[in-house]
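Protein chains: 2
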Amino acid sequence: MSIRTEIIAVGSELLLGQIVNSNAQFLSLELAELGMNVYYHTVVGDNPTRLEQAVKIAKERSNVIIFTGGLGPTKDDLTKETIAKTLGKKLVFDQEALDSIEQYFVQTKRIMSENNKKQALVLEDSFILKNDYGMAPGMALNVDQTIYMLLPGPPSEMKPMFQNYGREYFEKQFGFQEKIISRVLRYFGIGESQLETDIQDIIDEQLNPTVAPLAADGEVTLRLTAKHQDEHVANQLLDELEQKIQSRVGEFFYGYEQTTLPQELKKLLLAKQKTVSAAESLTGGMFSEQITALDGASQLFKGSLVCYTNEMKEQLLNVSKQTLDKNGAVSEECAKEMADQIRKLSNSDIGISFTGVAGPQPLEDKPVGTVFMGISFSGKETQVYRFHFAGSRNGIRVRTVKYGCHYLVKLLSEIE
Amino acid sequence: MSIRTEIIAVGSELLLGQIVNSNAQFLSLELAELGMNVYYHTVVGDNPTRLEQAVKIAKERSNVIIFTGGLGPTKDDLTKETIAKTLGKKLVFDQEALDSIEQYFVQTKRIMSENNKKQALVLEDSFILKNDYGMAPGMALNVDQTIYMLLPGPPSEMKPMFQNYGREYFEKQFGFQEKIISRVLRYFGIGESQLETDIQDIIDEQLNPTVAPLAADGEVTLRLTAKHQDEHVANQLLDELEQKIQSRVGEFFYGYEQTTLPQELKKLLLAKQKTVSAAESLTGGMFSEQITALDGASQLFKGSLVCYTNEMKEQLLNVSKQTLDKNGAVSEECAKEMADQIRKLSNSDIGISFTGVAGPQPLEDKPVGTVFMGISFSGKETQVYRFHFAGSRNGIRVRTVKYGCHYLVKLLSEIE
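In order, the protein sequence lines correspond to chains Y and X. Take the first sequence: its position 24, counting from 1, is numbered 14 in the numbering used here, and each next residue is one higher. Take the second sequence: its position 354, counting from 1, is numbered 344 in the numbering used here, and each next residue is one higher.
Misleading hints may appear alongside valid ones.
Copies of the same chain look alike in the list, so a pair counts if it works inside one copy or between any two.
To be verified - Once the Cα atoms are required to be at most 30 Å apart in a straight line, the calculated DSBU-like pairs of lysine-lysine come out as:
hint, residue 1, residue 2
1, K316, K49
2, K370, K400
3, K75, K49
4, K356, K257
5, K49, K169
Honestly, the hints are just simulated from the structure, not real lab data.
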């Protein structure tokens, strides 16, 4: 049987443009991974007549219809009622949902209104999808070879419900024997087109696992997806493919799944018991901000000096007047001194420095995008990297910080 | 005539979940402002049969159908072709669009393929919507009392096309005599529910202009929208309403439209010719990063010290050992010394300091969310503010920086 899926979002706030339909995007990604074709997204308001018509159209053209929204306690929430009417089904109380709603009101010492009880109503004969993050349960039922799945509107409730219960429901309904396992590999320091060129033959020849590249914010990710009845074999397929890819582009690989460069840097600093401090000019505190955004940053980060003026570089960071006069603040020499000085001043193992021209105006006759980055590490010669970035002021700063993390990760990977 | 609008996005990438349908959100907001009802959003893939069916369904239930996407040069781009077929219209070359495409290829010294010419094809008898940011023109036509408008998919092309040409087309078609003018007022330091309570009677009694509150990231905005044939009168209506609102909640107002607290701070620092420096503990550089994100920051910002450890606070910032030992780093005394010291060290007019507990662990027996902020200004007594924020590590840091900007703006507004 060919699966033809339609996602219907119910909510006037979508039609007024107050929110974007991110639920449809999330579900589409999930369904693509399950191998289920999505042919339509529909958005309809909190209006029973138009919703009923939308359900009728969907019944004609789709055999899986997933609804999001309209399961709440107010009178605007009419998804269940409308579908019940369209399918000729009754609404009945789900005792478990009712209990958990009542319990919630006892716990929070609030008074439950009759409206809240309405959330425990479900379509008769439906399979209940538990809501671990809210009150309204989801449900799924198969009527005349068409599957109806009702999910709540708030993404914080809908997403875990689908991932924990909705997927499994479809796997069982359609007898998907195969396990689908994905692995995301993250790369930095290589462009998307270069990475794709380097592994084009692998991408082309792969049917299982598949390889899907994606570029964002100067990083490239590869999503490897394997299907197999045996989860162990699926993982083996991923291992083999990963090895093949890494033998080509492994030097740019930095981590798996949702990790970030600062997170990988944090892991390595903790593992090697090293501390870092930064002297930031063009990045203006962005490196420090990203490091301290992570829990437990105080174990690996002592502090930084944001030295935006030459005066600050000279007086607080002890960069020599001669260097500033002769080479300028945007120079290899200044980057080197900045890295060395911040390491010493803060008594850290590593000092990193960023100086350059974020724009929009050139500085010291150096064009916008010129960046020098110094890395000072006790017992090693201080390294200075030179970059020339294109893009906006913010883009240049973001890329600079990413390269900082990237080279620190490389350095720490190489030491004992 | 009642307007029933449907927005149809064409593109398989939407159904695969690779992108979110932000175009529909944008257009919905614009259409709401024009007073045009949007009843459906539809997403359909690059498939002529399903697109044709979607157009037929839309014709039955809507009298304004706006398409986004599928106007590009590849064989997947089939919106025009499908609509031409459905409406029994021919496609003809638009000479102006053809010229501009040819010119683009001459300028960029690239070779134009026949595919690119396809972008200059338009529906016969249609009104052309110029594409100032890309090659494919948009178009609009009225067939049997139904308006069809075709817009390109890339938001960078679609948005200006609609705002500059699409809106005007609808205004003329529907004879909207009224000008619709919006004004956004931004507030900080007051919760959404408090602000709404303070002006509930104004919100309730207003029909023209209308008032719509929106809360995001700890800020509240009010969108005032006036309609009138005479633009001057519409602006007067907004002025009167704004005055009425500001007399109640004006002390929390900080700016208009898309401005931010750091931008307002920058304006005031420049106007009053003052400089600022920061001593950042829990914020880890976030204040400095936001200030330096703005063009020309070097005129008002000299630098900062990110002092994450007591060692840094004592040795580089000269916070007294006694204060750190007796009161701790998270204390009024420490915040005061930090603000005074950074002002002196950096030779700035204003020093601001942030110290507190961002979490997830408590610090010095102070609970997560405890924040002290010092503001030192030459010739004035140093002020220390104490906060207790709820929320995540990042949420606490973000709110702290916003309050920092907020109080600096207040201070600068009050001085000569």
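Here is what the structure says about each hint:
1. Proximity of K316 and K49 under a CA criterion of 30 Å is satisfied in neither setting, with 76 Å inside one chain copy and 72 Å between copies.
2. Taking the shortest alpha-carbon separations for K370 and K400, only the intra-copy value of 14 Å comes in at or below 30 Å, while the best inter-copy value is 49 Å.
3. When the C-alpha separation of K75 and K49 is checked against a cutoff of 30 Å, the pair qualifies both within a copy, at 14 Å, and between copies, at 26 Å.
4. For a Cα distance limit of 30 Å, the shortest separation of K356 from K257 across copies, 27 Å, qualifies, whereas the shortest one inside one copy, 36 Å, does not.
5. Within a single copy, K49 and K169 get their C-alpha atoms as close as 29 Å, which meets the 30 Å cut-off; across copies the closest is 42 Å, which misses it.
Violated hint: 1 only; the structure is consistent with all others.
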